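Enquirer: First to last, the protein sequences are chains X and R.
To convert, note that position 88 of the first sequence is 88 in our numbering; the numbers rise steadily by one, no gaps.
To convert, note that position 35 of the second sequence is 35 in our numbering; the numbers rise steadily by one, no gaps.
Simulated from the structure, these hints should not be mistaken for lab results.
Please read these numbers as outputs of a predicted model, since none were measured by experiment.
Incorrect hints may have been included.
Said to hold, decoys possible - Covered stretches of chain R (in silico footprint by chain X; criterion: 3 or more residues with CB under 8 Å from a CB of chain X, positions within the stretch not fixed): (1) 41 to 53; (2) 74 to 88.
To be verified - Part of the chain R face toward chain X, derived, beta carbon under 10 Å: (3) Tyr22; (4) Ala24; (5) Gly25; (6) Ala28; (7) Leu31; (8) Lys38; (9) Glu92; (10) Glu93; (11) Gly98; (12) Ile101.
Unchecked claim - Capping the alpha-carbon separation at 16 Å, the derived lysine to aspartate or glutamate pairs in EDC-like fashion look like this: (13) R:Lys83 to X:Glu111; (14) R:Lys83 to X:Glu193; (15) X:Lys219 to X:Glu193; (16) X:Lys169 to X:Asp203; (17) X:Lys219 to X:Asp197; (18) X:Lys256 to X:Glu193; (19) R:Lys83 to X:Asp132; (20) R:Lys38 to R:Glu48; (21) R:Lys58 to X:Asp132.
By construction, the Cβ of each residue, glycine as well, lies at the ideal position given by its N, Cα and C atoms.
What follows is each chain in one-letter form.
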Amino acid sequence: MAKKNNKQPTPFTTLPKSPTGIQGLDEITGGGLPTGRPTLVCGGAGCGKTMLSIEFLVRGATQFGEPGVFMMFEENAEELSANVRSLGFDLDRLEAEQQIVLDHVHIERSEIEETGEYDLEGLFIRLGYAIDTIGAKRLVLDSIEALFGGLPNEGILRAELRRLFRWLKNRGMTAIITGEKGENTLTRYGLEEYVADCVIVLDHRVTEQISTRRLRVLKYRGTAHGMNEYPFLIGERGFSVLPITSLRLDHEASTKRISTGIDSLNAMLGGKGVYRGSSVLVSGSPGTGKSSLGAKFCETACLNGERTLLFAYEESPAQILRNMRSVGIDLDPWMKKGLLQIHSSRPTLHGLEQHLVMMHDTVRAFNPAVVVVDPISNLTMERNEGEVKPTLMRLIDFLKQQQVTTLFTSLTSGSCATPEDSQVGISSLMDTWLLLRNVEFNGERNRTIYVLKSRGMPHSNQVREFVLSDKGIDLVDVYLGTDRMLTGTARVAQEVQERAAAELHCQDHERKLRQLASKQKAIEAQIAALQAEAEAEAAEVNFAIAQETLQELASQQNSKAMAQLRGGLTNNKREGKRK
Amino acid sequence: MMEDTQSEQNCPEVVQYELRLYVAGQTAKSLAAFANLKRICESHLHGEYRIEVIDLIKTPQLAAGDQILAVPTLVRRLPEPIKKIIGDLSNEERVLVGLDIQPVEV
């Protein structure tokens, strides 16, 4: 969006410019339309000429304090007011507030007879009067070519048109002149001959049965401008051109994380999941489980009380509910609670731009915290990357500005050599990229998942097996052997083998331990026997000693008794002898 | 010679033709148109007409009402339907056709 101060020419600009306030157009033209000069807007029927010009006037009056005159030659004021009311422009109010003058010029050839000389001073007076009434700075003539049908004398008309445009320049009116596209000329009656300062060409093209509006600044005298064709759309909030340069990269970056709903996947993403407000791309070939991953993400967001929006371009809401129930994801209660909305539509219903407008409007209306688009590749099919990328960039940018966490699934076509190739166009817009792959081996097909990139967080470099069952989604570590990676039954078989081997080892250890134990016991028994022997010997020795002592004692007593019996002397001698 | 009087004729009770001539200032074309109109009316609609001259330079707000683009423009407001003749009315025959008046035999 242009800012008010763009109106003041900086010393370096060659031309003063009047901002249109139209999203994107001011970026392309480097500030707006040439101030005080007429601009020609031409294109085929229904390409948005009137919309562009009315928005130029309304925004001029409401945002830039420049009242404007809308002189229409085709519709009348009531029709025009009704037509633009859907864009939120209240012409009646602006007219009552003297911000805008609507003047319908109606000429009926059948009512008019021509005799002699005349000029179009009446038109000049009407214009002059309307301009003076409100002090208008802007003017639209939509479409002045109708005069060629209404007035018989083309010679006079051309001379007067020349005079009119000069007059407008002299009055310093920033004007838009619209003109219908001619056969080989820009306009049917060659208006470009008179209006040469700035020419904008609008186009409404149908490619692959899908229509796209485009805008191109063909000429802008005295200033640099974007030369490309830019897609534009007319949405609920008016005209919007999509130049890539209008992208601002200034959105907030949250440090809060939001769970993916799969613990093992969160673990791969630094343990906490993805950043709030970031964009996640899940790409993979058909049947790799992208939608299930998206649905799981939705369910988790709802569980955490987040408002969630799912744009489905493949399945109807009922079909999604049924299919997701089969993998243990029940979205129905959340829809009933109003936390989850599913918008299903055919991608071919509109062009990409129209889809974008629809998404914008839905997101604005529902104000979700999480948006899942499943799959984004359907929107972009049959379109070349060059036009898809700016449009998607615009969408992602819009969602990021709103701090919405987004998950896009994307189908990779089988024809590409590697799945990475097919996503180059949009991958740079994504903060986290998960890649799902089918691994076919040993007569079965298994899903694997890995994190290709994830900005701003440590993430696992491992390939995990992605298992879908009626209990839900789980990630299993794949078997990484010395020579190959195994998934599915091969992984299970390998695991069984390893378990058996481990058991065997375990038993072997136990046996060895047992042997050791019994050996120890045997030794202990020996020790005990020896000890017993030693004890027995000791007992024997003690016994012998005791016996000898006893004998001694007995013999002493014996001799004493003998001595007593034989007499005292002998007895004393013997006794002395012994002592 | 040309004035902004509401009525140029003095028998208003039998007015059949109510004519309005839109001009922008006293240009040669305006003066010629007025003179031509006056002459034609006198010779063909004697006493049955009223001419109103509107100078858009003085009253520009009136231009939108009759959808005036070209000047001079003669508007036949009555009888219905409304008819418009643009130009300086120099071709009498076409003026008569435009006003739907049968030429009076002289």
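Enquirer: When the structure is checked against the list of hints, which entries are broken? Sort them ascending.
Expert: 1, 7, 8, 12, 14, 16, 18, 19
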